[in-house]
Amino acid sequence: MHFTLDRLLTGRDVNSTAIRTLCVYALTFALLIFLNIDGVLLWYGNGEERVAREILTSLERVNRETGTGTLLHRFECAAGIFFEDSYRDKSKCRGNDGLEPTRFEGRVGNVDEANSAFRLETDHFENALFREPAQPSVQDNFSKDENTAASTGLSLSALEDLAGSFLLNCDTEALVLPWAPLGKTTRDGCSAGPVVNGFTWGSSKAGFSSVLLVGDSLAQNISLPLNRELGVHGEVRFTHFAKVASGLANPNVLNWEETIRALMKERTPDLVIVMLGINDANNHLWEDGKLCMVGTGEWADAYENKVRNFLRIVTANNARVYWIGVPIVRDEQLRNRILMANTAARNACGKQPNCFFIDTFGVLVDESGHYTNYLRESNGSSLRIRTKDGIHLAGAGSSLLAKHIAPHLLLAAKSPLRQADRGERTGRICAWR
Amino acid sequence: MSLISIEFAIFLFIALALNWALLPFKRLYRLFLLSACYIFYGALSLKFLALLINFSVWTFLLGGGIAVCSGIRLRKSLLVLHLLIGIGGLIFFKYYDLLYESMGQLAVYVGSAPFLPEIDIAVPVGISFFTFQGLSYSIDVFRDAGHRVKSPLDLFIFIAFFPTILCGPIMRASDFVPQIGNMRQDRKSSGEAFCLILSGLAKKLVVASYLSKHVVQPVFEDYGSYSSFCVALGVLGYSVQILCDFSGYTDMVRGIALLLGYTTPVNFNYPYSARNLREFWSRWHMSLSFWLRDYLYIPLGGNRRGKIRAHLNILITMLVGGLWHGPSWTFLLWGGFHGIGISATHLFRDVRKKIRGRIDEGSGPCNPVMDALCRLFTFVFVSVGWIFFRSGSIGQATGLLHRIIELDPTAKSFPHFVTPVTVCLIATVLFIQAFRVKLVEVTGRLLYERSLVFEVLVLGLLFGLLLRLGPDGVPEFIYYQF
Chain A
1 MHFTLDRLLT GRDVNSTAIR TLCVYALTFA LLIFLNIDGV LLWYGNGEER
51 VAREILTSLE RVNRETGTGT LLHRFECAAG IFFEDSYRDK SKCRGNDGLE
101 PTRFEGRVGN VDEANSAFRL ETDHFENALF REPAQPSVQD NFSKDENTAA
151 STGLSLSALE DLAGSFLLNC DTEALVLPWA PLGKTTRDGC SAGPVVNGFT
201 WGSSKAGFSS VLLVGDSLAQ NISLPLNREL GVHGEVRFTH FAKVASGLAN
251 PNVLNWEETI RALMKERTPD LVIVMLGIND ANNHLWEDGK LCMVGTGEWA
301 DAYENKVRNF LRIVTANNAR VYWIGVPIVR DEQLRNRILM ANTAARNACG
351 KQPNCFFIDT FGVLVDESGH YTNYLRESNG SSLRIRTKDG IHLAGAGSSL
401 LAKHIAPHLL LAAKSPLRQA DRGERTGRIC AWR
Chain B
1 MSLISIEFAI FLFIALALNW ALLPFKRLYR LFLLSACYIF YGALSLKFLA
51 LLINFSVWTF LLGGGIAVCS GIRLRKSLLV LHLLIGIGGL IFFKYYDLLY
101 ESMGQLAVYV GSAPFLPEID IAVPVGISFF TFQGLSYSID VFRDAGHRVK
151 SPLDLFIFIA FFPTILCGPI MRASDFVPQI GNMRQDRKSS GEAFCLILSG
201 LAKKLVVASY LSKHVVQPVF EDYGSYSSFC VALGVLGYSV QILCDFSGYT
251 DMVRGIALLL GYTTPVNFNY PYSARNLREF WSRWHMSLSF WLRDYLYIPL
301 GGNRRGKIRA HLNILITMLV GGLWHGPSWT FLLWGGFHGI GISATHLFRD
351 VRKKIRGRID EGSGPCNPVM DALCRLFTFV FVSVGWIFFR SGSIGQATGL
401 LHRIIELDPT AKSFPHFVTP VTVCLIATVL FIQAFRVKLV EVTGRLLYER
451 SLVFEVLVLG LLFGLLLRLG PDGVPEFIYY QF
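Heads up: the protein sequence lines correspond to chains A and B, in order.
Sequential numbering from 1 applies to the first sequence in the working numbering.
Sequential numbering from 1 applies to the second sequence in the working numbering.
Simulated from the structure, these hints should not be mistaken for lab results.
Owing to the predicted nature of the structure, the values given are computational and were not obtained by experimental measurement.
A virtual CB, placed ideally from N, CA and C, is assigned to each residue, including glycine.
Among the hints, erroneous ones may be present.
In silico EDC-like links for lysine to aspartate or glutamate, alpha-carbon gap of 20 Å or less [unchecked claim]: (1) B:K76 - B:D408; (2) A:K351 - A:E298; (3) A:K403 - B:E221; (4) B:K26 - B:D154; (5) B:K412 - B:E221; (6) A:K290 - A:E332; (7) B:K307 - B:D350; (8) B:K47 - A:D38; (9) A:K388 - B:E118; (10) B:K412 - B:D175; (11) A:K351 - A:D389; (12) B:K438 - B:D222; (13) A:K388 - A:D359; (14) A:K388 - B:D408; (15) B:K150 - B:D120; (16) B:K47 - A:E49; (17) B:K353 - B:E279; (18) A:K388 - B:D472; (19) A:K403 - A:D359; (20) A:K265 - A:E377; (21) B:K213 - B:E7; (22) A:K265 - A:E49; (23) A:K403 - B:E101; (24) B:K213 - A:D85; (25) A:K351 - A:D366; (26) B:K213 - A:E332; (27) A:K290 - A:E76; (28) B:K47 - A:D331; (29) B:K213 - A:E49.
Computed beta-carbon distance windows for the label pairs [to be verified]: (30) B:K26 - A:H73: 27 to 35 Å; (31) A:E49 - B:V57: 37 to 45 Å; (32) A:N309 - B:L452: 34 to 42 Å.
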């Protein structure tokens, strides 16, 4: 094969054209890496290939020293005024509030590689896998029958009237939810005390006026139905910020600590709902320079720390935060990792004042408590609640989850109905419609 | 592996290098190309890869049988067997849920137990595309044994060709297979390839992703909160989004294939400049449109069995075309909507022919005002159809339509998406469509006539800027779901 530089540059024959094309491709790719070196470094993370790391670091230094990085950063920030916050991470363009941002030290690892390299520590999390989720402040649904009538002191017809509502034990603030929709078998968990004279509207607690929902694609799934649920019970300013594929473990997609810091400052919510974890359950974590493989005890501890850091930022602004656990998924391995993430989040929440964990793992399940794509309605027809990927929520699934979450929040949300005290409390049961 | 990812860029570089280095070695080259295709697809799922290989084997064996057998009955049986395997697989993987839900509703209505069991099925990515590709091969062989591909490697590469396997375009074996080992490579095609990739990225990252997040999603999720004008703008935004998303993907695929030396079919030819629906379908998703015409509409009889039968064939073809996109009644409605529209176009043409006594094929009305009105009407019709295509349910679609028709200026939510940027993006794309501005060709010519350094600098800068304007993370393409 004989060619000259001239033939290479002009591409006069097939061989030189092919080589020229390869050169253009390679050089363009190299230039692209140089211009987007920050993104490439995040993608590479703490990779172990020394030569590659040195090349990337040198490119980053040249990018910084030539001012190319600054120019592109300014271009990006200028263009950012046209984008929503969740479209591109604009935290890099905001001024520093004096709080040091957490530097990302991790690498997004391949979970399948991780599976071959470690053994899931099932011993440590056996209880987490099989234990009933604890709901310290919420009673479960009660069945609509004489037992319930007897235990609440309400007649069956009164129970009928309450269909679609929920009850609150005003003394303990324990919510007594109505019977479950779709004919699901319910457990009799009502521990409400007797009612003396029927029921009446209760007085309000310190309520909330501004609610912010943040999270990943699952948060996006429930944002509209949750907004509707809260809206039905009175005026609540509801905003949301969701970024698909994001999580605390992967700032390559979105730096959540920076983002929540900015959101708290801009939107000043007094109630924050967080739904993260599904993507974290697929990512390794770096903690103090050590790689924690997802599914291990070290990972759980590192993730708990990440959640705590996140919660500190939220609660520093005197907001109450509700962390929504990730619901059950189809894939068994992912399911186990999600349980781990949920447990870590629950633990972190428990150590933080003004933080409450809402477990949803057992909500979208069939009668035997297993994952299901469909729920059977009382008339026998099937209602699709999950999408094909076995993770996300179909329309009906989102609505159901929102209906499960909303009562927890309504206790906190300020509502004209709550404020309008329609009568004095005549019993230990108060009802909201 | 997404087309817009560092992993794919590295994979493509290695593939390009080996593509040309191994070209002189016939068998080794084919083994390499097939391996690259299988590595790309296998990275998604090994189970899907097994399914793909299984289908390829059946296609090769049955296609060969159709070609060599002499009896017409046996040849027909083999063709029917292949159609059953292909369509049966497609129905099982893609449409079982729809069947299960529909049968379930029916069972409730008649008061019986569900007719079908609930099965959790993962849909192999690209199954709609590679199945149609394989079926087109066996039908072509049945029609003319000369279309038979004797080399299994060539046929397997045709079915699994990695640039096109996920989202098309749907290729024909007679067009693609002769190119294997005889690819086209010159400065012009190389320049065109890079420009196509650039064009695809620009359409996807700058236009489609932006409109999806800022305009379409807010409107379609909560149309009741916006005024009729804003909802209409949202629908217009979706018309532009789906065009840029899909044609952007096709541009990237064509560019990548061209870098490898392969020419793939054009899939979009300024569809929103069409004067009627017939013309629209000769410009939109052309590979699917022509597939349906050649392998469904014509075998059904086309327009050769009377007018009523012709209209029925059009409706059936478009219903199948709608359902091909996914297991949802909204897709079926969308297909039916277009079927009725195309039938109406034919009726109108026949009436005009009777009145005028002649027909000018393809020229349409000469009056520029009428011409513009025809194009506008066609575009509005197509945009209304997109409401069904995008909506998650029939209720949502009718709700959106109703909201637009209400002409209600009041709104509960502030339409923050009505900005100069939104309007400019939509207007620019529609302008390019209406006047058929050939941006890619012009840019390609500018690049390939220049030096290597100039080409690298321009491409690198443009790609770099585009990545800064797109969303964080890896953006999804609409047609991945089909």
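20 Å limit on alpha-carbon distance, applied to hinted pair K412 (chain B) and D175 (chain B)
Roughly 54 Å between the alpha carbons, so the hint for K412 (chain B) and D175 (chain B) is violated.
Please work out if K265 (chain A) and E377 (chain A) have their alpha carbons no farther apart than 20 Å. 44 Å, violated
task: Please work out if K265 (chain A) and E49 (chain A) have their alpha carbons no farther apart than 20 Å.
output: Measuring from Cα to Cα gives roughly 40 Å; hence the hint is violated.
Notebook entry, point to check: Can the restraint linking K388 (chain A) and D359 (chain A) be considered satisfied, given a maximum Cα separation of 20 Å?
Noted result: 23 Å, violated
- Starting from the range 37 to 45 Å, see whether the pair E49 (chain A) and V57 (chain B) falls in it by beta-carbon distance. 39 Å, holds
Distance restraint between K47 (chain B) and E49 (chain A), which requires alpha-carbon spacing of 20 Å or less
At roughly 31 Å apart (the allowed maximum being 20 Å), E49 (chain A) and K47 (chain B) break the hint.
**Item:** Distance restraint between K353 (chain B) and E279 (chain B), which requires alpha-carbon spacing of 20 Å or less
**Value:** 17 Å, holds
Can you confirm whether the C-alpha distance between K150 (chain B) and D120 (chain B) stays at or below 20 Å?
38 Å, violated
Requested in this report: Measure nothing beyond the straight line between the CA atoms of K403 (chain A) and E101 (chain B); if it is 20 Å or shorter, mark the hint as holding.
Outcome: Violated, at roughly 24 Å.
Report task. Mind checking the alpha carbons of K47 (chain B) and D38 (chain A) for me, to see if they're no more than 20 Å apart? Result -> 36 Å, violated
| task | With a cut-off of 20 Å on the C-alpha distance, tell me whether K213 (chain B) and E49 (chain A) pass. | result | 37 Å, violated
Does the alpha-carbon distance linking K76 (chain B) and D408 (chain B) stay inside the 20 Å limit? 58 Å, violated
Against the hints set out earlier in the document, violations occur for numbers 1, 6, 8, 10, 11, 12, 13, 14, 15, 16, 18, 20, 21, 22, 23, 25, 26, 27, 29, 30, 32.
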